[in-house]
Amino acid sequence: MRKERGRRPKKKVCGFCMDKVSHVDFKEASRLKRHVTDRGKILPRRISGNCAKHQRQMTVAIKRARQMALLPFTIE
1 MRKERGRRPK KKVCGFCMDK VSHVDFKEAS RLKRHVTDRG KILPRRISGN CAKHQRQMTV
61 AIKRARQMAL LPFTIE
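Taken in order, the sequence shown gives residues 1 to 76; the numbers are from the numbering used here.
Quick caveat, the hints were computed from the structure, so don't treat them as lab data. Check before you lean on any hint, since a few could be wrong.
Said to hold, decoys possible - As a list, the in silico SDA-like pairs of lysine to any residue whose alpha-carbon atoms are at most 20 Å apart:
#1 12 - 31
#2 53 - 65
#3 41 - 18
#4 12 - 49
#5 33 - 74
#6 53 - 26
#7 33 - 65
#8 33 - 7
#9 27 - 66
#10 41 - 28
#11 33 - 51
#12 27 - 42
#13 27 - 57
#14 27 - 5
#15 41 - 51
#16 11 - 27
#17 12 - 57
#18 41 - 73
#19 41 - 22
#20 33 - 9
#21 12 - 44
#22 33 - 8
#23 12 - 63
Note that the structure is predicted; figures quoted are calculated from it, not measured.
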């Protein structure tokens, strides 16, 4: 068995936990926009680095913001 060599990727930290956010609000469209791709898809946890709790809250907040027309469903 050969030992894996190379650089280990840096552990991503939840941005919401760092800012001590207790609840993700759908009205903060600028913060939620960072977690959406240019195609309008919600970024997964492994890419965004969120913890499970904040990822679930963020997903619900993005969907609510889309319904309230704060965020687009798709980008043309």
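**OP:** Any hints from earlier that this structure breaks? Give me their numbers in increasing order, please.
**Re:** 3, 8, 14, 16, 19, 20, 22 and 23
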